[in-house]
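Q: Please model the complete structure; the sequences and the hints are all you need to start from.
Residue strings, one per chain:
Protein chains: 2
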Amino acid sequence: MNKIRIGIVGYGNLGKSVELGIRQNEDMELVGIFTRRNPSTIETVTRAVAVYTMDEAKKMTEQIDVMVLCGGSMSDLPFQGPEFASLFNTVDGYDNHAQIPDYFSAMNENALEAQKICIIAGGWDPGMFSINRLYAEAILPEGNTYTFWGKGVSQGHSDAIRRIKGVMKGKQYTIPIENAIEAVRRGDRPELSTREKHHRVCFVVAEEGTDKEQIEHEIKTMPNYFADYDTEIHFITEEELEKNHPGLPHGGLIIRHGRTGLHEEHNHVIEYQLALDSNPDFTANVLVAFARAAHRLNQEGVAGAKTVVDIAPAYLSSKSAEELRKSII
Amino acid sequence: MNKIRIGIVGYGNLGKSVELGIRQNEDMELVGIFTRRNPSTIETVTRAVAVYTMDEAKKMTEQIDVMVLCGGSMSDLPFQGPEFASLFNTVDGYDNHAQIPDYFSAMNENALEAQKICIIAGGWDPGMFSINRLYAEAILPEGNTYTFWGKGVSQGHSDAIRRIKGVMKGKQYTIPIENAIEAVRRGDRPELSTREKHHRVCFVVAEEGTDKEQIEHEIKTMPNYFADYDTEIHFITEEELEKNHPGLPHGGLIIRHGRTGLHEEHNHVIEYQLALDSNPDFTANVLVAFARAAHRLNQEGVAGAKTVVDIAPAYLSSKSAEELRKSII
Ligand SMILES: NC(=O)c1ccc[n+]([C@@H]2O[C@H](COP(=O)([O-])OP(=O)(O)OC[C@H]3O[C@@H](n4cnc5c(N)ncnc54)[C@H](OP(=O)(O)O)[C@@H]3O)[C@@H](O)[C@H]2O)c1
Ligand SMILES: NC(=O)c1ccc[n+]([C@@H]2O[C@H](COP(=O)([O-])OP(=O)(O)OC[C@H]3O[C@@H](n4cnc5c(N)ncnc54)[C@H](OP(=O)(O)O)[C@@H]3O)[C@@H](O)[C@H]2O)c1
Chain A
1 MNKIRIGIVG YGNLGKSVEL GIRQNEDMEL VGIFTRRNPS TIETVTRAVA VYTMDEAKKM
61 TEQIDVMVLC GGSMSDLPFQ GPEFASLFNT VDGYDNHAQI PDYFSAMNEN ALEAQKICII
121 AGGWDPGMFS INRLYAEAIL PEGNTYTFWG KGVSQGHSDA IRRIKGVMKG KQYTIPIENA
181 IEAVRRGDRP ELSTREKHHR VCFVVAEEGT DKEQIEHEIK TMPNYFADYD TEIHFITEEE
241 LEKNHPGLPH GGLIIRHGRT GLHEEHNHVI EYQLALDSNP DFTANVLVAF ARAAHRLNQE
301 GVAGAKTVVD IAPAYLSSKS AEELRKSII
Chain B
1 MNKIRIGIVG YGNLGKSVEL GIRQNEDMEL VGIFTRRNPS TIETVTRAVA VYTMDEAKKM
61 TEQIDVMVLC GGSMSDLPFQ GPEFASLFNT VDGYDNHAQI PDYFSAMNEN ALEAQKICII
121 AGGWDPGMFS INRLYAEAIL PEGNTYTFWG KGVSQGHSDA IRRIKGVMKG KQYTIPIENA
181 IEAVRRGDRP ELSTREKHHR VCFVVAEEGT DKEQIEHEIK TMPNYFADYD TEIHFITEEE
241 LEKNHPGLPH GGLIIRHGRT GLHEEHNHVI EYQLALDSNP DFTANVLVAF ARAAHRLNQE
301 GVAGAKTVVD IAPAYLSSKS AEELRKSII
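First to last, the sequence lines map onto chains A and B. Residues 1 to 329 (full-length UniProt numbering) are what the first sequence spells out, left to right. Residues 1 to 329 (full-length UniProt numbering) are what the second sequence spells out, left to right.
Hints listed in this document are in silico derivations from the structure and should not be mistaken for laboratory results. Be aware that one or more of the hints could be misleading.
Just so you know, same-sequence chains aren't split out, so a pair can sit in one copy or run between any two.
Unchecked claim - Derived BS3-like pairs: lysine-lysine, alpha-carbon spacing no greater than 30 Å straight-line: (1) Lys151 x Lys197; (2) Lys151 x Lys326; (3) Lys319 x Lys197; (4) Lys16 x Lys319; (5) Lys326 x Lys3; (6) Lys197 x Lys326; (7) Lys243 x Lys212; (8) Lys151 x Lys243; (9) Lys220 x Lys151; (10) Lys212 x Lys169; (11) Lys3 x Lys59.
Computed from a predicted model, the values in this text were never measured in an experiment.
A: In structure tokens:
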């Protein structure tokens, strides 16, 4: 069997995790990593991988079946995405929810023209959470869906803390509020404010001699990021931060509560829950599974932009339809 | 918009629930119920539904878009399924796991010939649990999947109790063992025996003057059904049974624990959990959502037998692709 030949575009957290994730899939091989930086400056995790400049990619359309786009959603994917869609099948974890329709259009146009397939907005949210929101809503049309995130590290909020004067390092955990989850499970259909769904806990390493009260005030009142939440702040040492708060754990929970029956007397709860030691590793593994789907679908002649809900689950599996019917159904 | 016209074949628990479930979907209408019994003897739950004999179905191929097959998996579907596959698009909840490949073949042959689509083995297990086993395994190739059922009523085990001499009525709950679930979540990758995964609790109404110890012994030693489990038996009155144990609640949990990272140092847990007041209502709602998919796919020219993992999630939703990208992704 010919292996599916994968390329990685952009080598940050997610790119590194894709490098590792591919090794778990025997039907795939990693052809190379593409970066805007000088390739000779990049040290890859598994060593034996070729690193290329972005420009070299366009000469390699015959050597790569699917490009996994690992650039940032804010400033990289909006232009890297459409550019690669003109040359390769792609998958990405574009997570700027509000801009998904526009990103989809740009990807779709170029992919259709090149007769490639581009699966956008993979990962877990968007991604597996989107899929689960859809299934749950379709099965229980009379009901309500709630998404809770955490316990996990929000990179955006951690960055926001680090931008405050006097903060050396910082990490922020988003934590769902247990009472809210219980109310949803019970079928109370609560109207939950921002503050009632999640709270935020920050671990901050302050520069010597700075005013901790001032830092605390600045965090707690920061609009959009913290002002609407109950926020807890702990000042710790650099050693404590490194020892007790390594990595990028995350996760979350989708719950739909619905009712059925002649008089809606029957309650039903569907939950999809993730607890992840590494947000980028899990996201990467989702993208890698969708890369398999992209390759297969394009071989069947399917082109254009797709989201994860447009892909039949069977395309993600390395097992044949017969094996699936025997072992998984 | 033309509504999707649904027929129900077989009017037991599941058929009744499909009748109710269709009302929650504005893009669908129920054309009629088909039964082997004398239609005049059937009283439908919502009253205003036409009831026909099975034979009348073949004259109604122009009036019905999808038939939801609600016969029993053991003795009805193996012949009703292929018969209807020659005439209609169908969906069913065929749940005889070991026979799925054979049932698939029989359905596929007739459906291809008639250019109809037949989605088999819907519901929750098989069905939504199958889908979740597949996604979880594809995302975390290095890992283990566990399925737990319950807390819920097993109809097969309740029937088995009722066949014992001296038993008037009985209900059996399957209950997953909490310690086992915790071990799986922790990543212990336990090898669990039957007894370590579930236990069974029976509520029995005995005929007056029967030997309760004998009944207890017969239940606990019944091969396949109870002998391999820890079983708890409670003798109660008929009034208690009706008051405290109404309906057919069920549910369960799929957990996959997997590892990623350079040295497999990152743990990940994916869980899909259902808590259902009514097993047939939930199963019916799944089948109804797949009926929408069947209709749409057949309109696009797709024919043959499919399982739930062959269907892209978007086909289940009443929302357009644009709406999904805006509101659910
Ligand atoms: N859908 C989901 O559930 C989900 C979950 C997690 C993340 N994501 C998405 O994934 C995107 C990527 O996340 P990430 O954590 O991998 O972002 P990141 O580490 O900031 O990497 C983004 C890009 O920055 C560049 N870069 C990385 N390290 C660098 C360094 N040391 N010096 C200079 N440039 C560097 C890389 O491009 P070059 O190699 O070209 O320099 C890389 O492609 C996020 O923007 C997010 O949208 C989605
Ligand atoms: N995949 C899943 O997750 C899942 C979950 C639950 C159930 N299921 C499947 O669904 C199947 C149907 O379940 P069910 O609970 O609806 O079974 P059921 O109530 O026993 O009905 C099966 C058939 O028996 C006949 N029947 C029902 N009530 C009758 C009565 N009072 N007198 C004479 N005949 C009667 C009906 O056919 P006529 O109208 O033609 O007489 C009906 O189609 C099960 O066999 C199971 O395989 C699947």
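Q: The structure should be examined with respect to each hint, and the outcome stated for every one.
A: Verification of the supplied hints:
Taking the shortest alpha-carbon separations for Lys151 and Lys197, both the intra-copy value of 12 Å and the inter-copy value of 28 Å come in at or below 30 Å. In the homo-oligomer, the alpha carbons of Lys151 and Lys326 lie at most 30 Å apart only across protomers (26 Å), although the nearest pairing inside one protomer, at 37 Å, exceeds that limit. Taking the shortest alpha-carbon separations for Lys319 and Lys197, only the inter-copy value of 27 Å comes in at or below 30 Å, while the best intra-copy value is 39 Å. In this assembly of identical chains, the alpha carbons of Lys16 and Lys319 lie at most 30 Å apart only when taken from the same copy (26 Å versus 36 Å across copies).
In this assembly of identical chains, the alpha carbons of Lys326 and Lys3 lie at most 30 Å apart only when taken from the same copy (24 Å versus 35 Å across copies). For the identical chains of this complex, Lys197 and Lys326 are inter-copy neighbours only, at 22 Å across copies versus 42 Å inside a copy, given an alpha-carbon limit of 30 Å. Taking the shortest alpha-carbon separations for Lys243 and Lys212, only the intra-copy value of 22 Å comes in at or below 30 Å, while the best inter-copy value is 61 Å. Taking the shortest alpha-carbon separations for Lys151 and Lys243, only the intra-copy value of 18 Å comes in at or below 30 Å, while the best inter-copy value is 40 Å.
In the homo-oligomer, the alpha carbons of Lys220 and Lys151 lie at most 30 Å apart inside one protomer (19 Å), although the nearest pairing across protomers, at 43 Å, exceeds that limit. Only within a single protomer do Lys212 and Lys169 lie at most 30 Å apart by alpha-carbon distance; the minimum there is 13 Å, versus 69 Å between protomers. In the homo-oligomer, the alpha carbons of Lys3 and Lys59 lie at most 30 Å apart inside one protomer (20 Å), although the nearest pairing across protomers, at 51 Å, exceeds that limit.
The structure shown violates none of the earlier numbered hints.
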